[in-house]
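Undergrad: Single-letter residue listing:
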Amino acid sequence: MGKRLTSYKDGDKIKIIRIDAGHGALVNLINLGLNIGNIVEIGRKSNMKGPVIVSYQGTEVAIGYGLATKIIAEIA
Amino acid sequence: MEFILVGQPNCGKSTIFNEVAGYKSVASNFPGITVKYTKSHIELENQKISVIDIPGTYSLQTSDEAELAATKYILNAPEDAVIINILDASVLSRSLELTLQLMELQKPMVVALNMIDEADRKGIKINSEKLSKIIGAPVIKTNGRKGKGIYQLFNQAYFVGKEKIKPSIIKGPANVENFFKSVLKIMKEKRIPERWNYRFMTLKLLEKDDSIVIFLDDYFKKKDWEFINKSVKEIEKIPQRNSEFIISSIRHNMAFHIFENVAKVERSIKKDVRDKLDNLFMHPFLGYVFLISILYLTFWMIFTIGGICEPLFLNNFEKLSKLLSIKFADTPFLLSFLRGFVQGIGGGIGIVIPFLLPFFIMLSLLEDTGYLARVAYLIDNLMHKIGLHGMSVVPIILGYGCTVPGILATRILKSPRDKFITAALTTMVPCSARMTIIFGLVGFFISIKAAILIYIINIIILGLTGKLMSKAMPQVSPGLILEIPKYHLPGIKALFNKTWFRLKEFVYIAWPLLIIGSIILELIEHLNLTNSINSFLSPFTSGILGLPAVVGVTLIFGIMRKELALILLFSALKTKEVLTVMTPAQIYSFTIFVTFYIPCIATIAALARELNWKKAGLIAGLTFFIAVILAVLVRFIFPIFT
Numbered sequence: 001m002g003k004r005l006t007s008y009k010d011g012d013k014i015k016i017i018r019i020d021a022g023h024g025a026l027v028n029l030i031n032l033g034l035n036i037g038n039i040v041e042i043g044r045k046s047n048m049k050g051p052v053i054v055s056y057q058g059t060e061v062a063i064g065y066g067l068a069t070k071i072i073a074e075i076a
Numbered sequence: 001m002e003f004i005l006v007g008q009p010n011c012g013k014s015t016i017f018n019e020v021a022g023y024k025s026v027a028s029n030f031p032g033i034t035v036k037y038t039k040s041h042i043e044l045e046n047q048k049i050s051v052i053d054i055p056g057t058y059s060l061q062t063s064d065e066a067e068l069a070a071t072k073y074i075l076n077a078p079e080d081a082v083i084i085n086i087l088d089a090s091v092l093s094r095s096l097e098l099t100l101q102l103m104e105l106q107k108p109m110v111v112a113l114n115m116i117d118e119a120d121r122k123g124i125k126i127n128s129e130k131l132s133k134i135i136g137a138p139v140i141k142t143n144g145r146k147g148k149g150i151y152q153l154f155n156q157a158y159f160v161g162k163e164k165i166k167p168s169i170i171k172g173p174a175n176v177e178n179f180f181k182s183v184l185k186i187m188k189e190k191r192i193p194e195r196w197n198y199r200f201m202t203l204k205l206l207e208k209d210d211s212i213v214i215f216l217d218d219y220f221k222k223k224d225w226e227f228i229n230k231s232v233k234e235i236e237k238i239p240q241r242n243s244e245f246i247i248s249s250i251r252h253n254m255a256f257h258i259f260e261n262v263a264k265v266e267r268s269i270k271k272d273v274r275d276k277l278d279n280l281f282m283h284p285f286l287g288y289v290f291l292i293s294i295l296y297l298t299f300w301m302i303f304t305i306g307g308i309c310e311p312l313f314l315n316n317f318e319k320l321s322k323l324l325s326i327k328f329a330d331t332p333f334l335l336s337f338l339r340g341f342v343q344g345i346g347g348g349i350g351i352v353i354p355f356l357l358p359f360f361i362m363l364s365l366l367e368d369t370g371y372l373a374r375v376a377y378l379i380d381n382l383m384h385k386i387g388l389h390g391m392s393v394v395p396i397i398l399g400y401g402c403t404v405p406g407i408l409a410t411r412i413l414k415s416p417r418d419k420f421i422t423a424a425l426t427t428m429v430p431c432s433a434r435m436t437i438i439f440g441l442v443g444f445f446i447s448i449k450a451a452i453l454i455y456i457i458n459i460i461i462l463g464l465t466g467k468l469m470s471k472a473m474p475q476v477s478p479g480l481i482l483e484i485p486k487y488h489l490p491g492i493k494a495l496f497n498k499t500w501f502r503l504k505e506f507v508y509i510a511w512p513l514l515i516i517g518s519i520i521l522e523l524i525e526h527l528n529l530t531n532s533i534n535s536f537l538s539p540f541t542s543g544i545l546g547l548p549a550v551v552g553v554t555l556i557f558g559i560m561r562k563e564l565a566l567i568l569l570f571s572a573l574k575t576k577e578v579l580t581v582m583t584p585a586q587i588y589s590f591t592i593f594v595t596f597y598i599p600c601i602a603t604i605a606a607l608a609r610e611l612n613w614k615k616a617g618l619i620a621g622l623t624f625f626i627a628v629i630l631a632v633l634v635r636f637i638f639p640i641f642t
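Those sequence lines, one after another, are chains A and B. Just so we're aligned: 17 in my numbering is position 17 of the first sequence, and the numbers increase by one with no gaps anywhere. Just so we're aligned: 310 in my numbering is position 310 of the second sequence, and the numbers increase by one with no gaps anywhere.
These are computed hints drawn from the structure, not numbers from a lab. A few of these clues could be false.
List time: in silico PhoX-like cross-link candidates among lysine-lysine, alpha-carbon distance up to 20 angstroms [stated by the list, open to error]: (1) A/K9 <-> B/K385; (2) B/K72 <-> A/K49; (3) A/K49 <-> B/K385; (4) B/K467 <-> A/K70.
Chain B residues, not near chain A, derived (Cβ > 10 angstroms throughout) [as the list claims (entries may be wrong)]: (5) L44; (6) E97; (7) K146; (8) K223; (9) L295; (10) P358; (11) Y377; (12) I457; (13) I481; (14) E483; (15) I484; (16) L495; (17) F536.
Just so you know, even glycine gets a beta-carbon here, dropped at the ideal spot from N, CA and C.
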């Protein structure tokens, strides 16, 4: 159930269902609106394992590739 | 009375601060750059009021060093403090999450709906009266960049502070409220001092905030903790998540609910030109083309301006120095002292105005427009290959201007390991002083291509060193989480404030050391210690590096002032025609050595300040080691190719 954030394409609207990151990263993600249950849009994904840009209510956040693989989401 | 400006990063908080306070703070598009708070005073109703600008923080529940400093300041604010909460109205829902947390503190507060023009553009219409009723505090629409609404904002802040008007309390779900009630009862029974209000402390218990737990531990008995832990477990049962995340979810929903209540989105967000800009600037291929072009253009401009201005300043100081020699010919000791002093001042002016000033202006421009965050995005991938992430690029770029502000900028990095590695790499980046050696020596006596090659070698060595260091200190980097701000036209005021702020770091930290260094140099010469130093160092300089023994003293002095190495080399060799006494291989290996070896004393001081003396020593040792290896390699490889 659910796939890694990195496996979605530009423009996909997805719902975050799990974040397997450490406490610090988790708090930072949540503070930027990337909490579990929130629906976000994949903004821009570089093709070479670069950061993924996720937009949420008009805020764009770049998430490093490694961290993005720890965010599990499903199509909303 | 004291006003504290609180807001999330990029909300325009520092711009408002600058508007009222003048030249003291920095507006920033890059989260966490204003790490220390800045204080200023204003006059309202014939009263002197302190205004404090603290680092932007997304929430009061944080793990970030800069944000933690902000949270601490708010929590320990004096009795008569008024919170001025500045929101980016164009991302209202997210901004309200911090507002909700601030309301829980039950201190007088006002809310600024800043960047209201941006919200208008996005078609977001906000009913500020309605929002004010919900929050229980005045809400004022402001546009910091144009100075609109700011007078009214501060007036209202004064009013709520005088009348001690507290914001409303917004209740949460029933199970959480029941928890509050029962803990409140315990607190009242135990007469716990109201350092913060009881409700706030209870909330922090749910958020598992360490400082509150420690504070309450003096009063709570084992039985009380058992009760609290049981209740927390009860709350965590239903959504099966840790209570701290339940609280942030609740707050998130509340904020969204308030947003829907007070704001209308009149048209769907239209993509404007700025979104299209990112299709170019963040394009997987074109993005890098632009990045390289923009950086190239930036450096080209700086070098051109610097190259024109530098001789103008240096010539005048040379004249002054000669004048001194005539005036104080009778008192040689005093003369040496004065000459060193003048050279130190002159060297500072010779670097600051020609190179640092344009460099910092350009950098602030890149930062305030929002481009620097894009650079971090573009470069993140590359930095991961050396075990760091995109944010590390900022100190490194700054390092091309002056290493000292570069080192100080490592503050924006969260993990101590990332900070250490980035600081070590920044130290090895050729600063503008080393640039004068590279171009003045290699560029002039060998070729410009050979000089540029040093920069390329430098980047390769930076990469290898980073790679090795991160291998030696294995640790999963927390990874990049960076808000990509909207593009903004930078405000002139903020731009100059920021430039001045960075320049100040050079003026206060690096310059005094530069002057002291110059004085020591002159005195050493005066006391005729040069020859003994040279012969003491000759096993190293001649034996290992294969350089003429006379350069020994220039290397020692180079630690005091890197840019002096060139001038000193001329005087040590007793000629400006370096090729008559040194081979091109020797020139090249000397330059490589000077580029990499021990950082200047100002940098060492900055390293000790940001990290500690032990780490500063480690970095100095490491760079020395790398410099020796490279210089020896050049000594033997260079002749093969020429």
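Undergrad: None of the hints should be skipped; say for each whether it holds.
TA: Taking the hints in turn, this is what the structure says about them:
no., hint, result
1, A/K9 <-> B/K385, "24 angstroms, violated"
2, B/K72 <-> A/K49, "37 angstroms, violated"
3, A/K49 <-> B/K385, "11 angstroms, holds"
4, B/K467 <-> A/K70, "24 angstroms, violated"
5, L44, "33 angstroms, holds"
6, E97, "8 angstroms, violated"
7, K146, "21 angstroms, holds"
8, K223, "29 angstroms, holds"
9, L295, "18 angstroms, holds"
10, P358, "29 angstroms, holds"
11, Y377, "5 angstroms, violated"
12, I457, "25 angstroms, holds"
13, I481, "5 angstroms, violated"
14, E483, "6 angstroms, violated"
15, I484, "4 angstroms, violated"
16, L495, "23 angstroms, holds"
17, F536, "50 angstroms, holds"
Figure legend: structure checked against the earlier numbered hints; hints not met, in rising order: 1, 2, 4, 6, 11, 13, 14, 15.
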